[in-house]
Amino acid sequence: MGTVHAKEIEGSTDMDNPAPRTRGSIDFKRPAKVQRVLIEGLERTKEDLLIPKVQDTFTAENFEQVVKKCVESKAQLQELGIFKTVQITVDTCKVPGASETAYDVKFLVEEKRFEGGIHTSAGNNDVESSLTLGLNNLFGRAEKLTAKYAHTRNFRSKKNNQAHIQFTKPLNGNPDVRLIVGGYNTNTDVPLSGYKEASKGILTAFTFPSTLGSHIVQWDGVWRDLRALTRTTPFPIREQAGHTLKSSVHHTLTADTRDDKILPHTGYLLKAVQEYAGLGGNVEFVKLNSEFQVNREILPHIVVQLSTACGTMWGLGRDKRVTVNDKFFLGGPLSLRGFQDRGVGPQVEGNALGADAYWLCAAHVYTPLPFKPGLGGFGNFFRSHAFVNIGNVGALELDKSVKENIEQLSEEFRLAYGVGVVLKLGNIARMELNYVVPVRVFNGDCVNPGIQFGVGVTFL
Amino acid sequence: MSSLVAEAIQTELAIERWPDDVQFFQQYQVEQITLPDQAACLSVKTFLHMCGLNYREELRINAEEMSPSGKVPFLKVGPFLTSEFEPIVAFVNQRGFSISEQLDDAQRSEMKAYMAMVDNILVHAELYLSWVIPDVVNEVTIPRYGVGQPQPLSWILPRLKKRDVQTRLSSIGWSKKTFDEVCEEVVTCCQALSDRLGTNSYFFGERPTELDALVFGHLFTIITTELPEMRIANIIRKFETLTTFCSNVDKLYRDFSAD
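In order, the protein sequences belong to chains A and B.
Here the first sequence is numbered in full-length UniProt numbering, starting from 1 and rising by one per residue.
Here the second sequence is numbered in full-length UniProt numbering, starting from 1 and rising by one per residue.
Same shape as in the complex, but just chain B (with noise of 0.2 Å):
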């Protein structure tokens, strides 16, 4: 109820479009984040960057515990927050501003399919690759999620976080998957994805959309994250219309992804 009424004053007090210190917070790109929190604030900048809209990038260690879902990035537009693309996209559109209005309304329950396969799919294929294959866990995830943590917390907060991650992949029945059929998964959606693009530069023609932003923000993270397992990025590598659509959208918003 209380949220109710929040969103209700949030419309009302709506009179300033886009204010000109809206703030994004993430944690240290270099030093701190992973993969999956990498990959999802990539696909908000991006989305924010195709909408046109200004913000201040905010790196803080704890990004993550000061976020009001608990999860990366969140927005602060004057005393409003929101977290994660699709609330952010909701509040963007809430705004006045929106990058799919062109879209009759099949083409815009295509793309939320298109989205959901996403979450569903390449979200947790990176949790997994990112928490459960070993190499990964103990060689990049667990030093990076608990840098700038004091000793012995910077050994607790990793493993907590693991198994958070791995109660919410066996919640959808992916803990019990090897590796192949991980793969395997990422496969269909990346012929998914693959097949809808076509030739065309965007998902749904010549102008991106949010679809665009999320799948940007996912793969190119993917392939240009070095790991010690790399066989989900030479997977999308091996799509060459998904490697060419990175590059061109990387290439148009290269000012901000290249930080």
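Bound-form chain A, shown alone (with noise of 0.2 Å):
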């Protein structure tokens, strides 16, 4: 009598309402208490990990709280991410002599060692192979190692690879703190600035949740190795060529209330980023980077949205010099739509040198297809839109006043309307078709009217 089966779910949606299925009829209220909870399945995860997860079952008073508990349970054991399934039965304790309201809990549970993949993905104008590989539960505490190789063929640039090596643990078995560090190697051309960089670094990283929103501190160090991209390279990017070392630490908060992120109805994103470069190291600059977006639904499947992104940063050190490699671009398909990638600022010969700081602000309002095809269905991936961008670059300059800084960034903005469609692609990436009219444009701006496309991952 009375056993659960609380199946897997497709998706990890429904775990807050479980729906479990019941044979027979059983009195939820009926008083009930755990005697004991069995995990079964384990081969390497460490007993004091789980423990603190499946403890709670044991204040339940009742068949229903028993039920409510376990669901809770199970959700915690799989955020764990170590577990390719779990499941529930809860039968009556079959010790002797126990009480009729005694009951066992048993997870049955099976490990996830590893994880991989190889995909293949078109971008802009590239197209990026990568081969992950993950080891789950290293050391039976949810540890995870993971390494990742990604190779991008472009019509442009020949070598553009990068190879990363990460470990995460999670501290005391929470998986919202964890310690990350971590490895990388990558080979970047950038044709649009006319350089291409080697680096090679090693990253600490610390996350944890607030009531504001989840933190990450991190530390970078890295080697970069920059060099003119071709022997006609301008001497602007040439001179900038050389070695670097960075040391910088930054501190990154986001907090995100939507309920898609590509392509959301409702809720609000706050990003920001501080980096403070010159632990050691001759690279020295400080760094503010923050991006809001604010989405709402005003009438039926008709959503407006605001967003806004604006940094600056300020060189310190003997020099003031910030390189070309950790500047700020303005213009593109997600960005400041009407212009090219890294389109507006300063350039020379047409390669991009980047700026000291920028704003944007976009609107758009978001409707579905025309006439709404597949609605519910296919027709979710897609919406057309209506927006308008605004953007500038610059440089706050500290021996200013406020007043003045702000009126040389708002001079000579750029300004573009235009309409398009868009196409959520997984939960990560999406892709815009937009027919573009830019009204306002300065001298040297690299300007794309009429058509224009572009995937993307960040996007404003």
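It cannot be assumed that every hint is accurate.
[What the hints assert, rightly or not] Calculated pairs, BS3-like style, for lysine-lysine (alpha carbon to alpha carbon, straight line, at most 30 Å): (1) B:Lys161 to A:Lys320; (2) A:Lys84 to A:Lys94; (3) A:Lys200 to B:Lys162; (4) B:Lys112 to B:Lys71; (5) A:Lys200 to B:Lys161; (6) B:Lys71 to A:Lys200; (7) A:Lys46 to A:Lys68.
Simulated from the structure, these hints should not be mistaken for lab results.
With the hints as a guide, dock the two chains, each given alone in a separate frame, to form the complex.
Spelled out as structure tokens, the structure:
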């Protein structure tokens, strides 16, 4: 009697409102006590990681609570990310002499040892192939070791590749409080700015939640070798070539209440990054960058999205110089639409030099595709949108007043509006096909009027 | 192909023969530059001076990385960059300045042969001396090459460079040579140069050519640089014709080589 199978449901959305299938009739209010909790299927996982996750089930006082607590425990176990499946079995206690209200709870788990995959994805004019390997639960306490190698082929650049290795350890078994150490090696050609960069770095990061959102505090030590991309690279870029050692700490705060990362209906996103470089090494600057997005469904299926982003940096140290690979760039089909990638701001012979400060605002109105084809099905991956975006680059100078700085940054702003179609790719990227009309452009800007196409993971 | 086009454009645009803002890039001379680079830079400077061309010296810690060929020195003439001795000589000739125009074809090929000998023997001997002899590598070359870089780059970069140089030397079979054998090569080279020079002021008569600039740059740098290992310098000093040649050229161009 009284057996409840809470089978894993696709996705994890139903965790909070479990709808267990029942057999026969059960009086959920009858008193019940959990006598024993068994976890079956463990090979490598240490007990001390799991006990706090399932301990709560002992506090249940009636059958309903038993079921509820079990499902909560199951959700906690799954959050660890070390189990392929978790199944719950509740049965009467078989120990001789146990009372009738005593129950045994059994979690049947299957450990996930390896994960990995080979992916190929096509982005903005390039094709990326990547190989990922992950070792789960390395020492039995939900540690994870991941390695990734990605290779990009681009019609302009020959060699872009990156390799990352990362070790993650949750502290006290809490998957939100993690310690991360890792290393990486990347080779990147940046034809739009006329340089190539080879970086080798190590990082240590600590993530934790707070009432404001989730935080990451990260230290990066990276050796970067910057070179002019071609013989004809203009001198202002070539001048910056050489080896730099950047040792920086940055703090990232992310608060995200949106219901979807790519095509949200409601909620806001706040992301603020503060970076200080100069703990050793020969790169010294302070960099601030923030992004805010708010979404509101004003009419059924019609969403208004307002976003803004801005950033500034100051070079420190003797020469107060920040090299091109640390600067801000503006323009592109997913940021300042109507302009080409890195199309706004100082440049020499078509090579963007980057700016010390920028701001960008965008307003979108999203509607389903005309005549709402496939609404509720594949149509949910598409939106049509109308937008206007406005932005500028410049520099914030500390010896000038706030008013002067604002005047300077708001002069010569760029403005463009347009309409288009947005496609959600997985839950991580989006594709846009727009018709854009740039309204305010300035000499030297690389403008992209008319049809503009873009794919990417970051957008405004 | 694109470099051919670039050269064609370069020829097309060569309206102003020698603008005022020509810049000469090298590393910091006092603290940073290594012996082979210093010799190369001095050769080019001597050559430009012999041509009577003005330039402004720019000392950059990242001169090597800035250079289009990855080697110092390099010249910036308007928008054009040219690096290393021979391309710079060709570039200057193309601009209509030459100090070897009085030579006939036979002399010109003889000059080229001597220049090739200097490149093959003296340059490699300098590399061997700076990057293979342990005392010199550890006490002089590595600290100088890594100067101005933060730890651990000041440790890594010289060692990467050392590996590159040793690969280069082994590709021509020099890494297996002992220092004695290297010294013998230098003796042969100096003997040949000394014989060619004879009692003349310059290698080809009374006027200097690019060979004089090249030889002076290398010999003068070797004999005036204090190193824990002075055998090569002492070999050169034994050739009186060559030391006289060096001091003559140095006297004539003291205003720049003394700085």
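Going down the list of hints, with the structure as the test:
no.	hint	in the structure
1	B:Lys161 to A:Lys320	29 Å, holds
2	A:Lys84 to A:Lys94	28 Å, holds
3	A:Lys200 to B:Lys162	20 Å, holds
4	B:Lys112 to B:Lys71	21 Å, holds
5	A:Lys200 to B:Lys161	17 Å, holds
6	B:Lys71 to A:Lys200	23 Å, holds
7	A:Lys46 to A:Lys68	25 Å, holds
Taken one by one, the earlier hints all hold for this structure without exception.
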